[in-house]
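Residue numbers (this note's numbering), protein chains in the order written: chain A, 1 to 534; chain B, 1 to 404; chain C, 1 to 73; chain D, 1 to 373.
Any given hint could be a false lead.
As the list claims (entries may be wrong) - Computed list of chain D residues with no C-beta within reach of chain A, every gap over 10 Å:
no.: 1; residue: F107
no.: 2; residue: L122
no.: 3; residue: L125
no.: 4; residue: I160
no.: 5; residue: I225
no.: 6; residue: D334
no.: 7; residue: R362
As the list claims (entries may be wrong) - Computed list of lysine-lysine pairs in DSS-like fashion (alpha-carbon distance at most 25 Å, straight line):
no.: 8; chain 1: C; residue 1: K29; chain 2: D; residue 2: K68
no.: 9; chain 1: B; residue 1: K221; chain 2: B; residue 2: K296
no.: 10; chain 1: A; residue 1: K229; chain 2: D; residue 2: K336
no.: 11; chain 1: D; residue 1: K68; chain 2: D; residue 2: K84
no.: 12; chain 1: B; residue 1: K367; chain 2: D; residue 2: K84
no.: 13; chain 1: D; residue 1: K37; chain 2: C; residue 2: K29
no.: 14; chain 1: B; residue 1: K367; chain 2: B; residue 2: K257
no.: 15; chain 1: B; residue 1: K361; chain 2: D; residue 2: K68
no.: 16; chain 1: D; residue 1: K303; chain 2: C; residue 2: K24
no.: 17; chain 1: B; residue 1: K296; chain 2: B; residue 2: K324
no.: 18; chain 1: D; residue 1: K360; chain 2: C; residue 2: K24
no.: 19; chain 1: B; residue 1: K328; chain 2: B; residue 2: K339
no.: 20; chain 1: B; residue 1: K328; chain 2: B; residue 2: K253
no.: 21; chain 1: A; residue 1: K160; chain 2: A; residue 2: K33
no.: 22; chain 1: C; residue 1: K29; chain 2: D; residue 2: K336
no.: 23; chain 1: B; residue 1: K386; chain 2: B; residue 2: K276
no.: 24; chain 1: D; residue 1: K4; chain 2: D; residue 2: K68
no.: 25; chain 1: B; residue 1: K362; chain 2: D; residue 2: K207
no.: 26; chain 1: C; residue 1: K29; chain 2: D; residue 2: K4
no.: 27; chain 1: C; residue 1: K26; chain 2: D; residue 2: K37
no.: 28; chain 1: B; residue 1: K361; chain 2: D; residue 2: K37
no.: 29; chain 1: A; residue 1: K173; chain 2: A; residue 2: K220
no.: 30; chain 1: A; residue 1: K220; chain 2: A; residue 2: K204
no.: 31; chain 1: D; residue 1: K360; chain 2: D; residue 2: K185
no.: 32; chain 1: C; residue 1: K26; chain 2: D; residue 2: K336
no.: 33; chain 1: D; residue 1: K360; chain 2: D; residue 2: K84
no.: 34; chain 1: A; residue 1: K237; chain 2: C; residue 2: K24
no.: 35; chain 1: B; residue 1: K114; chain 2: B; residue 2: K40
no.: 36; chain 1: B; residue 1: K362; chain 2: B; residue 2: K386
no.: 37; chain 1: B; residue 1: K296; chain 2: B; residue 2: K328
no.: 38; chain 1: B; residue 1: K296; chain 2: B; residue 2: K203
no.: 39; chain 1: B; residue 1: K253; chain 2: D; residue 2: K37
No lab work stands behind these hints: they were computed from the structure.
Ideal Cβ positions, reconstructed from N, Cα and C, are used throughout, including at glycine.
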Amino acid sequence: MPGRLVYRTIKNIFRTTSKDETASQSQQQEEKKLVSSLESNILEIKNSLGNSSDLVIRVIHIGAENNIKIGVLYTDGMINTAALQDLLDSLINKIKPSDIVPTDSTSLVSDIRKNAVTVGEVEEIKDFNTLITNILSGHAALLIENEPQAISVSIPGLEKRGVEEPQSATLIKGPRDGFTETLGTNTSLLRRRIRSSNLWLESKEIGRVTKTRVIIAYIKGLASEDIVKEVHHRLDKINIDAILETGNVEELIQDETYTPFPTIFSTERPDAVAGKLLEGRVAILVDGSPFVIVVPSLMVEFFQASEDYYQRADIATFLRFLRFFCFFIALLAPSLYIAVLTYHQEMLPTTLLVSIAAQREGIPFPAFFEALLMELTFEILREAGVRMPRAVGQAMSIVGALVLGQAAVQAGIVSNAMVIVVSMTAIANFCIPAINLAISIRLIRFVMMCLAAVFGLIGVMFGIVLLCIHLCTLRSFGVPYTSPFAPFILQDQKDTLFRFPLWSMFSRPRLINQNNVIREQNNPTSKPETRTGK
Amino acid sequence: MKKVIFFILFTIVSIPTLSACWDTREVNDLAIAVALGIDKSEDKGYTVSVQILNPSEVASQTAGGGSGYDTPVTTYTSSGKILFEAIRKLTQQTPRKLYLAHLRIIVIGEEVAKEGIYNAIDFLSRDPELRTDFYIIVSKDSKAEDVLRILTNIEKLPANKLYESLEASSDAWAVTGKVNLNDLLNDIVSEGKQPVLTGIKIKGDPKIGTSPDNVQSIYPKAELVYDGMAAFRNNKLVGWLDEEESKGLNYVKGTVKSTLIVTDMNDGQVGIELLKSSAEIIPHFDVGSTPTIEVKITGEANIGEVNTNLDLLKDHVFSELEKKTNEKIKDNITSAIEKAQKEYKADIFGFGDKIHKEDPKKWEEIKTNWTEIFPTIQVEVKVDIKIRRTGTITNPFHNELSEE
Amino acid sequence: MLKSLGILLIFIAIAIFQIPQLAKEKMNKEIVIFSIFMVFTAVIAILKVNDVPIPNPLELIAYTLDPILNLFS
Amino acid sequence: MEEKVRISPFQLSVLTILFTTGTTFLIIPSTMTAETKQDAWVSSILGIIICLGLSYFFIVCGREMGRKNYIQYLEDVYGRLLGKMIGLLYVFFCFNGTAALLSYFGFFTTTQMLTTTPIEVLHILLAILIISVVRAGLEVLARTGELMIIWVFLLLLAMIVFLLPDIQLERLTPSFVASPMNHTKAIINFVAIAGLPLVVFLMIIPKHINRPDLAKWNFIAGTLIGTGAVTVIIVLCILVLGASTTARQLYPSYVLAKTISVFDIIQRIESIMAGIWVISIFFKTAIYFYVSVVGFAQILEVKNYHFLTIPMGMLTVIFSTIIYPNIEFMSHWDAKYWPPYLIIMGFIIPLFTLITDKIKKRFKSKKASNSTS
């Protein structure tokens, strides 16, 4: 059993390191209370932040004889300066000397809190750790001389991007706002669309170091309690130092890691998220990322663009079909080409066979390597195109199209037909609205090509069956990934391959939503009453 | 963990398989055969000739281009005791691996046809590479080998030329028959029907036909022409039907899509274009043990050409034309039937089959000596063609000319 | 010889991955059954690769069915 | 061993359809037309009726079984030892079935598509599929079936539509000439290949069905659709190829696909049409394999069956090359021994078990009523 041994040791190595880290972390976090001396409090904070340059400390005197020393601490750039100005103004001007009785120690803090602080959320804090965390997340801390507690005023004012059109999912018809990196903005975008008291937003903090705020959004009564519970459970289980993007959360809570398919839907579009919430799904928003993930998600969702719902039903259905078709092209075109060209030449009409044979005359590679070469070249081109500065893009396409396409054909390295197949595959790949699914297809395509090279069409069929088996084993938060095709649910077919008119989609997806299935009632077609010809 | 096991299993299996791709054949490593000829060789075996196309020449867009002319096809010949041996032996000559899936046409030499085509057919239907969608024809007065050596114009591939012109002549002139492997097999196996195959003839000098000169001149010195049909009995060729008889045969078989019938009328000719026709074979069993057969042809026709002085719009003209057309068709059919009955004793019309279908019990009785009975049976032919339209003009110009 | 070795390797690889799984769930009986089964299969596989004739199960069925069929005919 | 997986009645129908059509599509047209020529469609329709009766019979058996699978039930009826021995017969049957189907797949692909590929590799290929799907469980198998059956039916539909121009109705004549003896033989063949193997579903119904009350009609409908599709293929073979050509072919429906030619564009697509057979053979093999593994696990009384899949799968691969040494043996065995074997396994044993159980139950209830009164 050496395998097990290796597995154990590796596991142990990982475990020990993580234990050490948590241990050191918890040592640091030992409760440290504030003391009454303002000086030493400030010093302590300064020290624990390592004299950080973005920590701003102002000491002001207020009160009747300017005898109360107050320290104001905040992080530069994390707070709203206008609000801070207001706060300082009111501290200095509004508090009349008579209001403050320096001897009454208990009421001093609450006095200031009641009278002077007019903005933001206010807390009273007694230990350093919380205080420091607050300072670092956009609070201004007020430390008062001779008081062993501090007032923390929330006046966050981050530099933020405005609401812009999302880059990853553009559309022609439909709302153009997209999520931003700010959590508050994102929740407000959702709230604006669903003005219901049933839209519940539950907050969590994940990441031992980053302490990222994560919000679980769902509609009470629509979302299945089990799934909400499961989401909480899975998020609570996360024990990691940093959450920097939604992708991190996604990877940590998904059902199955060893799959190229995305089992969690993520989008930049608030309208898409709102729509999914209304189907009874649960959204997870992560601070610092414009992507929101929605669970549970099914495979068909990755073929649905939010524009589908803003367009006529028949056109949307056509587009859906087109996308499914493109899915198959993107997945299979090169492998079918290889299979037909190396195993099933009889499938080509004689004239086509002759012209391909003539093209391939003098090409040194077998069809498989030719295809592999072109596909890899294209993947490289694409990857380079994504990471490149915009300005170079033009040059890139010239290099790609002319140098690699034209020249390679003329040099007799690849055949024209192969270039056509590869470009068709690439274009088809772009038709799939969800990028994460499109990427997984790119991966599987290579496997298919290998199978086609070894067994021809039988190999491709083998690959398809294997793919289906794999898809059927997948689940997203307990919901079978391939539903509503398998298990087949007739009512849910209205929003899969087809997009039925909205009035006919009166039920929510069955497997996701068991409690409140009916969307609308007594609302047949919205035909006007037939007019009598008067 | 499950996935890991699976992955490892998969790689273990796929590594040896990837390194050996058993059935791969690259397109550019194939010698694509488009036509196959089967002849007798001197030593009782078969000679096989294969027409292989030359992809770069066929696919080249600009003809010539200064680089000179390569023939679009090359024909190789080899012989062996059985067909398969001869084909495998061909690899000694062909530059690449022979690939037979794209065969368009198979030419059976007259000699082979006279000796029997069973052996040839067995290989053709057994080999998985071969398909069944090629046509089978018989070379007339020449070897199949020579037929495959003639270069053709316009259709660069002679095999394609043969294929296309067989289709065209069968559809528009109805003197040839499109027979593919499945049809042939069914006919050979069937007790009440004998196969017929279209014949191909070389018109002109076969020697010149093999050189590019043939296609570079506006008037080809050697041409491939379909000529009549070959009647078989028990898979052996017994004789040929000429053009008219072939047409008659096709009428009875119901395979006439469209054809032209020329009738004499008022010291001129009228061309009747047959548009659709259907045939019905009705066996009767009332008199004695030998059945009689009634053949009924019905159809519709147009007037296609009038080379005589004729007032088409008079009411009796159409019926007269119809009568003459019917007679003409009937002549064709009876001459074909007579030839089949008297000369070849081969039931190429499938009368026996029809009897089998209509009255299986009776057929059981006469099945064994059908070959003897067939020449004696009475065949009654009834033709009923209706002429419907006159084309885009009514009366011919002749009428006005003669008035002057 | 090389083939037999390869087969052994495959079987060992599978055992290495399957047995820890069973051990994790404390299925000792299953481990025993699995091992016996694997050894049996490996032996058959090696015999097969070395062209040792292996009885055909269908022959067994045919052998038992023959008397019944004779009864009817 | 306790499995809690449940499939829906619809999924049961899907599996039944795929199970009845697998291999049947490929081989039955030639065996049927060999016996009854152009009347094969008559015997296959009679065969359908018998198959429906059989599937009803299996449902009746299933009703008696309650929430047990067939092998548990056998142990119940005959006692532990005898029950296990009879159960072992079924495991043996399914094991042979799996190996034979792998062999069928190998013969088919090496004959028609990949002529020089070693047959073992193709066996291993299919074995990988069935091992992975059976490891994943019945639910995944059923769901995969739902995904794939659409393609099978689309391809089948395409084949029928594309072949419509080639149909010659007169190939069906002369009709009703085959002798009753030939009909009986053909029907026995049909039932033995399409109907009787359904006995393996006793391992699935009613135990693994989430709504056993609905399963009855779904099972019967599945049988009807499956055998109906087979009949359609038989009729199509006769109409397009003719009875004698069909009977002569090893795989007539593949030749059928070869003849497709519409507008000179949709032609030569038999390699795609092969998908029908590959998919349905895959499911039939997978179900056989599932039953053999689960049955074996049941007999050994182990906690789960998953660990048995790989060793048993490998054993099947080895035996798949032994079980049919050549096509001649295959056709001989299938013609002579398969029907009686299946009649014993698929009809006589279940019937006997059912009767024994009924008698036992009556006896028990009498005893019980006697003791109470």
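| query | Which of the stated hints cannot be reconciled with the structure, identified by number in ascending sequence? | reply | When the structure is compared with the hints, numbers 2, 3, 9, 10, 12, 13, 14, 15, 18, 21, 22, 25, 27, 29, 31, 32, 36, 38 turn out to be violated.
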